[in-house]
Every structure is written in structure tokens, then in C-alpha cells.
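Protein chains in written order, with the numbering used here: chain Z, 1 to 215; chain G, 1 to 206.
Keep in mind that the hints were calculated from the coordinates and are not lab data.
Hints may contain errors.
To be verified - Between beta-carbon pairs, the in silico distance windows are: (1) G:Thr54 / Z:Arg73: 30 to 38 Å; (2) G:Asp170 / Z:Arg89: 41 to 49 Å; (3) Z:Pro181 / G:Asp170: 57 to 65 Å; (4) G:Pro80 / Z:Gly90: 51 to 59 Å; (5) Z:Arg210 / G:Pro109: 58 to 66 Å; (6) Z:Gln103 / G:Arg44: 37 to 45 Å; (7) Z:Glu51 / G:Ile45: 14 to 22 Å.
Claimed, not checked - Covered stretches of chain Z, as calculated for chain G (at least 3 residues, CB under 8 Å): (8) 57 to 69; (9) 87 to 94.
For glycine and all other residues, C-beta sits at the position ideal for the given N, C-alpha and C.
What follows is each chain in one-letter form.
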Amino acid sequence: VIAAAGLGSRLGHGLPKCMLQVEGRTVLSRLIDAIRPHTDRIHVVVGYREELVVEHCALYHRDVVLVRNPDFRINNTLTSLSLGARGLRGQLLFVDGDTIVRQHTLEAFVSRGKRCPTLIGVTHASSEDAVFVSTSGDGDSLQVESFSRESQGAFEWANLMLAPSELASQGDGFVFQAIEPLLPLPASIVEVVEIDTENDLAAAQASVRRWDATP
Amino acid sequence: VVLGGREMRTAYCFDLDGTLTTTELLPSIAAEVGIAEEMDTLTRITMDGLIPFTQSLQLRAMLLSTVPLETVSDIVSSVPLDTVIMTFIESRPDACFVVTGNLDIWLEPVFASLPCRTFSSAATLQNGSLRVEHVLDKRDPVRQLRTEGFDRVVAVGDGANDVSMFGESDLAVAFAGVHQPARAASEAADYVVFEGRQLCQLLEGL
Numbered sequence: 001v002i003a004a005a006g007l008g009s010r011l012g013h014g015l016p017k018c019m020l021q022v023e024g025r026t027v028l029s030r031l032i033d034a035i036r037p038h039t040d041r042i043h044v045v046v047g048y049r050e051e052l053v054v055e056h057c058a059l060y061h062r063d064v065v066l067v068r069n070p071d072f073r074i075n076n077t078l079t080s081l082s083l084g085a086r087g088l089r090g091q092l093l094f095v096d097g098d099t100i101v102r103q104h105t106l107e108a109f110v111s112r113g114k115r116c117p118t119l120i121g122v123t124h125a126s127s128e129d130a131v132f133v134s135t136s137g138d139g140d141s142l143q144v145e146s147f148s149r150e151s152q153g154a155f156e157w158a159n160l161m162l163a164p165s166e167l168a169s170q171g172d173g174f175v176f177q178a179i180e181p182l183l184p185l186p187a188s189i190v191e192v193v194e195i196d197t198e199n200d201l202a203a204a205q206a207s208v209r210r211w212d213a214t215p
Numbered sequence: 001v002v003l004g005g006r007e008m009r010t011a012y013c014f015d016l017d018g019t020l021t022t023t024e025l026l027p028s029i030a031a032e033v034g035i036a037e038e039m040d041t042l043t044r045i046t047m048d049g050l051i052p053f054t055q056s057l058q059l060r061a062m063l064l065s066t067v068p069l070e071t072v073s074d075i076v077s078s079v080p081l082d083t084v085i086m087t088f089i090e091s092r093p094d095a096c097f098v099v100t101g102n103l104d105i106w107l108e109p110v111f112a113s114l115p116c117r118t119f120s121s122a123a124t125l126q127n128g129s130l131r132v133e134h135v136l137d138k139r140d141p142v143r144q145l146r147t148e149g150f151d152r153v154v155a156v157g158d159g160a161n162d163v164s165m166f167g168e169s170d171l172a173v174a175f176a177g178v179h180q181p182a183r184a185a186s187e188a189a190d191y192v193v194f195e196g197r198q199l200c201q202l203l204e205g206l
């Protein structure tokens, strides 16, 4: 489930963030390519300028299901995820549509997820407007203890998690707020770039260039 | 899904032209009388809601009234149906319904090949000329199905005339199998889907 309904307002390009081009391809295409080896069912939740995403998928990703979130201006990612998860069963991968994930790190993440029903993606802190996580343990015993907007730790929430479909029930807010009551939960490191600001976009270009060179 | 101790009954309503059929029917018939492009234009502006469906249907019936019914039959029976959607319908024929604004008199061969009930507009042939007797409001079948004990209705379609069916249904899927769905249809839908396989996987899970 890719949550791509939100406004791209902070970036001001007038596009949904998933439609931004990074090294010649949209964030959404890069995300779908990374996810596709792991599932044949991809739900993309659309809202802001959805017609652009519909057109893009009609051309390049005809096997995705677009889920409409027409109230995207007044609700949040948790609503998008619960809309996106409707009709899907079992363990789901939830990811924000403004995120690019490095393919082989997603493979390792999904493979670890086979042993953990719920698995939180964390990444080395780098983006400008991060949700930080405090963790304990390392390697296979890495756990998320808490989320925070302030305290700068070594890791941030990667806007990505594996969880049972039931977790995406009703309610609104941010995804990390829905999982907070369940903490501590197992975590695994993924390499991602999240694009919230112009600086993030520039950093994403650089990271993706490096990843494309050495996949 | 269980509702009050019994299984919830869901009805699936499918539009015909461009949803269940892999091409639009009327432009194919119009090719017979050399007005395929004109019919295509008329069909497109109807899909987009630029002229009311009722007017458009009257107009289209008039334009095609000179095509012999046997010719229409031949064309209509040769138009392929989406095989994945057909498999879905065949596996639950009592819960599936084809809801089309198109005319029954033209659709007989398709209707005969469908394992499920159909709702359509109606026309008769009088002294060799086609007379539209009833134009289907796509809300009506949905209301009708609720009175028959269906707890939930899921609608699938692609045109402006599907918007009323979408509005009356619990869940709506804009299907872009043949062409982009009309903007009004996607804006009234909960989902936009491009292929029969994804459509049916989605319907099975809902």
C-alpha cells in the first residue's frame, strides 16, 4: 500500500510528491519497481492531483489499483493506509509515496518480515523533517522503543513498515501514532530517501544516482 | 463479511460497453453504415457527459436504425468480452448483474451468452423503424437489487452514465480497461483499475 494522496505543498512544484522526477523517473515508478518483486497487488492511494497519477499509471503501471482518498486535504496518512488496505489480507507493506527505497535493502527488510508480523523500517537520520526513533539492540534484535519529533537520534522512521492488514483500521493521524501504543516493536534498517523539501529532493537525486550506479 | 449472523450478500453490477466488452459496441455497428468516426465522437462526448445520455441514445438509435438487426447481431456477438471478468461472473452468476444504458434489441446475442441477469434500455422495431421505449436510469437496478435482499452493491463502470449507479452503490470501481474512464466516473469512484485481473482480485477481497 503506497500512500500518495498528500499535497506536495512544501515542495511547491504543483505536483503530488510521488510524481516528482528523480534522475529521470518518478518517485512512484521507482517505488513500484522496488516493491513489485515482492507482491502482485499494489494499491496506490491517490488524492492531490490524482488525475496525474491516474494518467501515469494508465501508461506505465497498469497492474496497480488506484484507491481514491478524496478527503486528502482534511485527513492524514493513516486514513490513506486504511483505505488502501481495504480488500487486502495478510501482511502488508505500507510505504509513503514520497519515499524511494533502495531495492536490495527492501529485499532484506521483506525477508526479515517473514519472521516478524510487524516490522518497522528505520533509516539513518538524514531528512529535514524527520520523525526520529529511539531504538534498542542491534542487528536482528533491533527494536523501536519510541518515536519523537524532537530528539535527534541515530535513526529516523523510514515511512515504511510491514504489518498485518488489521493494523490499518479506522482512525486518522500519522502512521507512527497508530503504532506507538504497540511499542516496542522489531525494527530493521532500510536505505530510503524521503522527499519533503527542496534539500531532500537534491539529496535524493544524489543518493539515487549513487544507487543506480551500484545497485 | 458476516452481518447479523448471516453472510452479507453483495451484488456486483457491471457496465457493458467498454467494461465487460473490450470495445465499444455502437461505433462497431456504425462502421456498417460508414459513420464509425461520427459515432465514436458521439459516444465519447456522451461518456464525458457533454450531452445527456437519453438524448444521445435517441440520436444513436436514429443513426443506426437503418442497420438490419441481423447485421447488428453478427457484430455484437463477435465483440470479445473480458475473459477475467467473465470468469468472475460465471463463478457467482446470482450475485452479478450487467447494467447497461444500451438497447436490449441490439444486445440480445450478448445477453444470451451471459450467465447473469441484465438491466438495459429498451427499444422495439415498428414498421422497420427503431423506437426507444425506455432509457435505463442506472440508479434503478441498484435500488431494485436492494429490495431483493442484497446488503451491499459494488458497481463497475467507465462512463458518465455510470455516475448515477456509482452514487447509489456502496462501492464503485472506475474501470479503464479500454480507455481512460470519464473524469466524472473516476471522480465518483472509490477505485480506478486498468485490468480485468486486478479488478477481480479487488472485488474478491472487498
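Hints versus structure:
1. G:Thr54 / Z:Arg73: 30 to 38 Å: holds, 35 Å
2. G:Asp170 / Z:Arg89: 41 to 49 Å: Taking Cβ atoms as reference, Asp170 (chain G) and Arg89 (chain Z) lie about 19 Å apart, which means the hint is violated.
3. Z:Pro181 / G:Asp170: 57 to 65 Å: violated, 31 Å
4. G:Pro80 / Z:Gly90: 51 to 59 Å: violated, 34 Å
5. Z:Arg210 / G:Pro109: 58 to 66 Å: holds, 60 Å
6. Z:Gln103 / G:Arg44: 37 to 45 Å: holds, 41 Å
7. Z:Glu51 / G:Ile45: 14 to 22 Å: At 19 Å between Cβs, range holds.
8. 57 to 69: holds (count 9)
9. 87 to 94: Our answer is that it holds, as 3 residues pass the Cβ test (under 8 Å) against chain G, meeting three.
This entry does not satisfy hints 2, 3 and 4, going by the numbered hints stated previously.
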